[in-house]
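K.L.:
Going down the list, the protein sequences come from chains A and B.
Counting along the first sequence from 1, when you hit position 240 you're at 240 in my numbering, and nothing is skipped either side.
Counting along the second sequence from 1, when you hit position 215 you're at 215 in my numbering, and nothing is skipped either side.
To be clear, the hints were calculated from the coordinates, so they are not data collected in a lab.
Some hints could be false.
Said to hold, decoys possible - Below 27 Å or equal to it, Euclidean Cα-Cα: the simulated DSS-like pairs (lysine-lysine) are:
(1) A:Lys-319 - B:Lys-355
(2) A:Lys-13 - B:Lys-643
(3) B:Lys-627 - B:Lys-643
(4) A:Lys-338 - B:Lys-643
(5) A:Lys-328 - B:Lys-355
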Amino acid sequence: MNALTTHTPTTRKSALVICPGRGTYGKDELGYLQRFHSDKSDFIAAMDAQRRDNQQLAISELDSRDKYRLSEHATGENASALIFTCALADYQSINRELYDIVAVTGNSMGWYLALAAGAACDLNTGMHIVNSMGTRMHKEATGGQLLYPLCDDNWQPDVQLKSVLTDTIARLQQLPECEISLSIDLGLMAVLAANQAGIKALLSALPKVQDRYPMVIPHHGAFHSPLMREISYKALQQFSSDMFRAPQIPMIDGRGRIWHQDNFEAQALHHYTFGTQVCESYNFSKAVEVGCKEFAPDCIIILGPGTTLGPPTAQQLIKMQWLNFGSKADFKQRQKEKPFVLSMGIEEQRRMVV
Amino acid sequence: MNRSEIVHQQFIDRVSARDLPSVAVDDAAYEAASLSACAMRDIFESQIMSRLLDIVSRRLSAKKQSFYTIGSAGHEGNAALAFALRVNDPAFLHYRSGAFAIQRSKQLIGSTPLYDMLLSFTASRDDPISGGRHKVIGSRAAWIPPQTSTIASHLPKAMGAAHALGLYKKIAHRDVGLADDSIVVCSFGDASVNHSTAQGAINTAAWASYQCSPMPILFVCEDNGIGISTHTPKNWVAANFKQRPGIKYFACNGANIIDVVSTAKAAAAYVRTHQKPAFLHLAMVRLMAHAGSDIEASYHSNAEITASEAMDPLLTSAALLIHHNALSAQAIVQRYQQLEQRIERIAAVVCQREKLASASEVMTTIFPPNRATPEKHDMLFKQGKHVPAVTPDQREQIFKKEQRHRDKPLHMAKQINLALADIMLSHNNSLIFGEDIAKKGGVYGVTQGLLEKFGHTRVINTILDEQSILGLAIGLAQCGYLPIAEIQYLAYVHNAEDQIRGEAASLSFFSRGLFTNPMVIRIAGFAYQKGFGGHFHNDNSFNVFRDIPGIIVMAPSNGSDAVQMLRIAVELASRENKVVIFIEPIALYMTMDLHHEGDQLWASHYTEPTPAAEFGFGDIHVTGAGKELCILSYANGFYLSCKAAKILAEMYQVQVRVVDMRWLHPLATHAILDAVSPCKAVLIVDECRRNGSLSEALVTLLVENQYNGGIARINAEDSFIPLGDAAQLVLPSVDSIVEHALTLVPLNDSADYSDKIQRGVSS
């Protein structure tokens with residue numbers, strides 16, 4: 001038998017890796033790199049070097065601040081690079097002897113991270129993309145993002161809330177000054193993109209629910225909407241498709257398309273990354289669905305920092321009744337016994353991954 | 001020997017050893033295909049996905065977890081066919097089309113073909129297309145209607161769909177997601193192409209094309225040279241189809257994806273540009289036997305089997321990829337093994353998905369779903385630019401010639417004729433077609449004048465082939481039209497019944513209502529033609545429809561009922577997507593009188609469509625209020641029973657009620673039971689044969705519902721209808737109804753019973 005045929009089935013656990021988006025580095029994550037990634041000084045130094053070249057604060061400096069400042073840590077310019085570094089460091093920490101990463105995906109900005117994780121670009125290029133786009137968003141993005149829940153605290157879909165939201169959007173879209181669209185399909189949380197007039201109108205028109213909503217996400221623009229066209233245009237000009245190469249691990253984008261080493265086309269990936277996904281709504285739920293159905297992983301690993309992608313991931317699993325997950329309580333119970341979703345932002349689960 | 005595992009291992013071993021078939025490098029074909037290395041890898045991925053799905057399905061079958069193992073192995077070249085077509089080219093595929101389906105799904109971002117197909121193999125209720133009711137290849141989004149037949153009975157409807165696409169620019173149609181320049185692709189094997197259904201459909205496509213009627217269809221014969229164990233004679237398919245009038249022939253090696261892409265592109269371009277049919281002949285090989293249960297060694301020698309296996313098209317694809325530097329041998333094996341692991345993982349999850357758990361759950365899709373908005377809602381329509389919408393305002397104009405019919409009683413034939421005109425006015429996506437129905441107006445003149453009113457695109461004379469007529473109806477319906485097909489005589493439907501039974505009726509069931517084919521099929525039927533025509537024109541059996549789940553069968557007995565029932569039939573089709581059979585009793589077409597010549601009691605005025613209809617679906621007609629006897633009947637039997645009722649009342653003072661059941665399948669059981677319950681006895685008058693007719697079901701209904709009175713039935717004899725006066729000898733008559741009624745009802749005086757019968761019968 002030829003050497004090529006000496007194939008041994010893997011005993012490693014197959015894993016779908018999810019990369020986090022903006023807004024996942026909060027005050028609890030301060031010091032994340034110091035706590036978990038002191039072994040990756042070369043990687044962090046490389047990221048810092050790139051920041052310094054751009055006359056930006058070093059990531060390690062931001063991470064080691066004694067206090068979390070929304071105005072500093074949450075801005076696009078800093079948050080994007082911080083999250084990239086933390087998440088990709090987490091990615092490198094995954095024990096590959098235990099886990100066979102069969103696909104990667106991400107939410108929103110997490111797509112840029114997935115490109116680096118899937119090795120469609122190298123880490124420096126990934127940082128370059130994230131940092132440039134984050135800075136551009138920080139300086140040039142207009143409008144904002146607004147959250148509104150479509151479920152109760154037990155993740156039970158609330159038809160009433162959905163209908164109120166749909167009706168409100170439909171009504172406000174009639175106003176010439178309002179530009180409103182779905183930004184992200186994020187499980188049972190609606191993420192809307194709107195110009196400032198739209199945000200204002202939504203805030204006054206939507207009934208207040210669960211004490212917090214409607215909630216405007218600070219320092220976010222109207223991401224994944226037609227309001228980003230100009231930024232998208234500039235990004236398409238700025239970046240060359242040559243920065244991309246065939247991924248080593250399949251990547252699932254925000255429409256559920258699988259990009260892998262054999263169907264890779266640099267120009268198409270360039271167009272999607274800086275065109276389509278910047279200006280059209282991002283379907284994270286679909287990405288989770290495709291990841292589960294087409295790769296049937298033994299587990300899902302959500303990279304840190306933060307844990308905010310846990311609920312929308314779980315909500316999509318429950319919606320699909322994946323592995324018979326039937327409800328929030330059911331999911332929580334199974335997570336306690338034998339977790340299917342391993343969130344690296346949760347220390348206990350992190351230990352199972354690294 | 002497990003041939004699927006042998007084929008599986010052979011692929012790995014031969015690619016690893018670079019022991020691959022030599023591939024002829026055809027630069028012209030390569031240029032015509034204009035395949036990038038990326039596209040070649042993409043097609044190849046679909047091929048190995050399909051192959052591994054087959055192999056995993058066989059493994060699951062051994063564990064009794066997969067239930068259908070007729071696979072696509074050897075036919076994976078059809079991935080290249082899918083590559084050459086558009087996602088909105090409707091695809092009517094035969095069962096070896098896994099690779100086609102996977103490749104097409106790639107045009108729909110976010111699809112999950114591996115998971116979905118495994119759900120189908122394992123009969124999971126989550127299977128998005130059939131919901132666990134069949135292993136089918138299908139997808140609503142990818143415009144692949146599921147096919148369950150293995151005998152090429154999908155060809156007539158594919159031909160029908162092609163006719164529909166040819167009408168898109170001319171006639172309004174419901175938007176079902178197809179484009180004006182979509183073409184139909186329809187695949188089948190070299191064995192099933194011999195089936196009369198396939199031959200008929202191909203012949204009809206050629207017939208249409210020959211006279212320059214648009215027929216954009218790409219027939220694809222995937223020729224593996226064998227049908228189960230019977231070999232196809234060498235060159236049989238080519239010899240048959242190379243020279244067909246109206247159909248252009250293309251052929252290539254189906255194992256060579258470059259050849260397939262270039263040839264399929266050329267064939268599709270021909271069909272799209274010229275709106276004419278093409279026949280694409282792909283040479284394939286069958287691997288892993290006919291199905292999992294087929295032991296190929298029982299009819300092929302080991303050498304023959306291994307010779308076939310040596311022709312594995314995946315090896316050719318591997319050779320092509322390596323030749324064109326698209327992938328190395330090592331990478332190919334690696335991809336293949338990674339995919340195997342991935343598919344095994346998906347299969348393990350899929351096997352845990354729930355199955356259908358109750359009969360009622362299985363049956364939820366028998367009746368198609370209602371359409372939220374009725375057919376005539378203009379918002380849903382795409383209007384052809386050449387023919388403006390026919391609006392109700394034009395009714396006066398259209399009906400101008402019918403002025404003389406407005407103020408006088410009319411027979412059923414004329415009333416149906418006027419009703420059809422009104423239906424065509426209000427449903428501008430409706431078409432009427434059948435044998436001789438256009439200029440001639442049908443054998444009985446029922447469609448007279450419709451051609452002049454609505455033109456030859458909506459009133460169509462068809463070829464003499466009932467399978468094609470019904471296939472046309474299915475294809476038109478799936479493409480957004482409202483077909484009103486005519487079958488000239490009830491006897492003629494029997495040669496084509498599978499188009500209703502196996503195809504039209506089952507579409508909703510096997511597609512969870514995602515695909516529907518709403519239609520009305522008008523059939524002239526039943527006997528009593530006064531001895532003319534013999535059994536073919538006096539057929540009195542419609543049993544062929546009575547056990548088909550999901551369809552509606554109705555038969556009117558008079559003109560005004562016919563009008564209202566036809567309108568209900570159209571509403572059932574247009575609002576509820578139903579398949580409706582409308583049987584018109586030939587003998588009553590021209591009947592004007594009931595008891596005496598000139599009494600015109602069986603004629604009535606035509607009523608224009610109004611929102612307030614006299615009766616609705618499921619309402620039966622009860623005439624008389626007698627409680628001594630209830631006569632249950634329909635169509636001609638009802639007419640004869642009304643005659644008999646008068647005799648019974650006048651001669652014997654027996655007060656009967658006579659029921660016209662109108663709806664023959666399903667029966668309006670509650671209404672029937674309500675009608676008979678006050679009566680002391682029930683006489684069932686059924687003009688169809690005693691054995692197997694509706695009368696048996698009615699007796700069962702009464703008995704099962706504890707009806708306490710006497711029950712009798714009168715039927716046609718278990719005979720074919722002979723010619724001349726002899727016809728009457730085997731059919732129920734007024735006399736025989738009276739005679740049977742009197743046996744059920746105690747007479748009110750002491751008159752001699754037999755004497756009364758004698759007088760009554762002879763009067």
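K.L.:
Each hint should be assessed against the structure and marked as holding or not.
P.N.:
Going down the list of hints, with the structure as the test:
For the suggested pair Lys-319 of chain A and Lys-355 of chain B, the alpha carbons sit about 18 Å apart, so the restraint of at most 27 Å is met. At most 27 Å may separate the alpha-carbon atoms for a hinted pair to count; Lys-13 of chain A and Lys-643 of chain B exceed this at roughly 82 Å. Taking the CA atoms of Lys-627 of chain B and Lys-643 of chain B, the gap is about 18 Å. The hint holds against a cut of 27 Å. For the suggested pair Lys-338 of chain A and Lys-643 of chain B, the alpha carbons sit about 79 Å apart, so the restraint of at most 27 Å is broken.
For the given pair, Lys-328 of chain A sits about 24 Å from Lys-355 of chain B by alpha-carbon distance, which is consistent with the 27 Å threshold.
In the structure shown, a violation is registered for the earlier hints numbered 2, 4, in ascending order.
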